[in-house]
Amino acid sequence: TEVKSLLEGCDRLTGLNITTVGGTMVNDHNCDVVLPKQVFMEEPLFQYSLADSKKFYTLIMVDPDAPPQIDGEFYLHMVKSNIPGLALKAKESSKTVGIDYRGYKPPMPPRGSGQHRYVILLYEQADGNSFLPSVPSTRHRFSLAKWLVGKNICGPIAGMEFKTEY
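Under the working numbering, the first residue of the sequence shown carries the number 45, and numbering increases by one thereafter.
Simulated from the structure, these hints should not be mistaken for laboratory data.
Given the structure is predicted, the values throughout are model-derived calculations rather than measurements.
Virtual Cβ for every residue (Gly too), placed ideally from N, Cα, C.
There could be a bad hint or two in this list.
For each label pair, taking beta carbons as the anchor points, the in silico distance ranges come out as [what the hints assert, rightly or not]: (1) G172 with N74: 30 to 38 Å; (2) A189 with K133: 22 to 30 Å; (3) G116 with G66: 29 to 37 Å.
Computed cross-link-like contacts, DSS-like style, restricted to lysine-lysine with a CA-CA straight-line distance of at most 27 Å [claimed, not checked]: (4) K207 with K139; (5) K149 with K207; (6) K98 with K195; (7) K149 with K139; (8) K207 with K81; (9) K98 with K139; (10) K207 with K133; (11) K139 with K81.
Build the full structure now, drawing on both the sequences and the hints.
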């Protein structure tokens, strides 16, 4: 699936639920909602009830609207891998399991840049918990499509989006 099409709309990759530390939820019913950036200052809890408890997953969060807007390049907010399916299924914290290859960075859209979409994509790891992705050298101008080349992961199998602004 082309990365650009994954970042357009909320009806393609359903089932991923996000709950902030303060209890705000983003799910299939309010995907693409505009929320204050302060709601996401701490890493939220990610849940996917359809996760296979015997498999492992990777979460990626990007801002496709970060300047400079170059097609196919985003600001990388997070890469977390080796998340047990059991943790995504249960109501335990996905924040305390898995490996942070690029730790969570909260949304901080620049003044005057308008609304930004924040897209979270969930991938299934084909090699169990032995997935060791290359760590992106920078958060700016991250090419998700290039990064995915040669990785033994499937998907994305689920996704979610919210918006915020300065």
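- [ ] Would you pick out the hints that fail for this structure and give their numbers low to high?
- [x] No numbers; nothing is violated.
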